[in-house]
Amino acid sequence: MQTQPPKVSFKEQMHQAREEAILQSACRLLGEKAFDAMTMDDVANAVGIAKASLYKHFCSKEELCSAAMVQILGRVQTYLAGLPAEMPPLDKLRALVRWSLERLLTNEMPLLPSRNSTLRAVLMANKDYLNGLVGVSDQIGEWITEAQAQGGISPSLPPIVVLYTLYARACDPVVSFLKESGQYSDAEIVDLVVRTCFDGLAAR
Numbered sequence: 001m002q003t004q005p006p007k008v009s010f011k012e013q014m015h016q017a018r019e020e021a022i023l024q025s026a027c028r029l030l031g032e033k034a035f036d037a038m039t040m041d042d043v044a045n046a047v048g049i050a051k052a053s054l055y056k057h058f059c060s061k062e063e064l065c066s067a068a069m070v071q072i073l074g075r076v077q078t079y080l081a082g083l084p085a086e087m088p089p090l091d092k093l094r095a096l097v098r099w100s101l102e103r104l105l106t107n108e109m110p111l112l113p114s115r116n117s118t119l120r121a122v123l124m125a126n127k128d129y130l131n132g133l134v135g136v137s138d139q140i141g142e143w144i145t146e147a148q149a150q151g152g153i154s155p156s157l158p159p160i161v162v163l164y165t166l167y168a169r170a171c172d173p174v175v176s177f178l179k180e181s182g183q184y185s186d187a188e189i190v191d192l193v194v195r196t197c198f199d200g201l202a203a204r
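Per this note's numbering, the very first residue in the sequence shown carries number 1; after that it's consecutive.
Just to be clear, a hint being listed does not mean it is correct.
[Said to hold, decoys possible] Under the rule of at most 27 Å between Cα atoms (straight-line distance), these lysine-lysine pairs were calculated in the DSS-like manner:
{"no.": "1", "residue 1": "Lys61", "residue 2": "Lys33"}
{"no.": "2", "residue 1": "Lys51", "residue 2": "Lys61"}
{"no.": "3", "residue 1": "Lys179", "residue 2": "Lys127"}
{"no.": "4", "residue 1": "Lys61", "residue 2": "Lys7"}
{"no.": "5", "residue 1": "Lys33", "residue 2": "Lys127"}
{"no.": "6", "residue 1": "Lys51", "residue 2": "Lys33"}
{"no.": "7", "residue 1": "Lys127", "residue 2": "Lys61"}
{"no.": "8", "residue 1": "Lys51", "residue 2": "Lys179"}
{"no.": "9", "residue 1": "Lys7", "residue 2": "Lys33"}
{"no.": "10", "residue 1": "Lys51", "residue 2": "Lys11"}
{"no.": "11", "residue 1": "Lys127", "residue 2": "Lys56"}
{"no.": "12", "residue 1": "Lys7", "residue 2": "Lys56"}
Derived by calculation from the structure, the hints in this document are not laboratory data. The structure displayed is predicted, hence computed values, not measured ones.
Build the full structure now, drawing on both the sequences and the hints.
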């Protein structure tokens with residue numbers, strides 16, 4: 001006989017819903033402002049709660065943003081797992097970059113912390129973040145080496161260089177520059193950045 005999972009109280013449901021709203025707001029603000037410019041006041045105002053209530057969920061900006069970054073990695077892992085197994089590896093990499101750029105345009109993809117950011121040090125000490133990052137990197141790295149073997153990516157490039165180049169597209173300032181110019185739609189911006197990423201700038 002299967003035992004039923006314990007019923008979650010209404011209070012706990014509300015607590016979980018508020019925490020999810022906090023994390024979503026933190027992700028958006030990390031995309032808009034980046035870690036160093038974002039404040040806990042910004043998050044509390046975005047959620048519509050008192051800052052004291054925010055601290056009942058997360059005791060510091062570093063803890064909150066670490067949880068937000070772990071959540072983002074979880075979304076990336078879910079997206080990667082959902083790509084068709086029969087899809088060619090180069091197409092999978094293109095799809096990932098396209099998905100990342102779309103999230104970046106809607107401020108759903110937090111900007112990566114700078115090397116001297118406090119958040120970077122916190123993330124490097126967060127096992128959940130590191131495990132997620134290793135899992136994502138291993139999967140992308142596998143597709144990179146397969147694409148190189150198939151001739152879709154130059155085999156003369158070290159796979160780690162390709163990996164970091166793809167990661168950089170998730171925080172590419174070209175996206176915001178093109179968006180602010182008003183000359184292109186979001187879809188056109190994504191297409192242009194994907195083209196320059198995979199096809200380069202040389203005439204063909």
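Hints, one by one, checked against the model:
no.: 1; hint: Lys61 to Lys33; result: 14 Å, holds
no.: 2; hint: Lys51 to Lys61; result: 11 Å, holds
no.: 3; hint: Lys179 to Lys127; result: 35 Å, violated
no.: 4; hint: Lys61 to Lys7; result: 31 Å, violated
no.: 5; hint: Lys33 to Lys127; result: 25 Å, holds
no.: 6; hint: Lys51 to Lys33; result: 19 Å, holds
no.: 7; hint: Lys127 to Lys61; result: 18 Å, holds
no.: 8; hint: Lys51 to Lys179; result: 33 Å, violated
no.: 9; hint: Lys7 to Lys33; result: 39 Å, violated
no.: 10; hint: Lys51 to Lys11; result: 19 Å, holds
no.: 11; hint: Lys127 to Lys56; result: 22 Å, holds
no.: 12; hint: Lys7 to Lys56; result: 22 Å, holds
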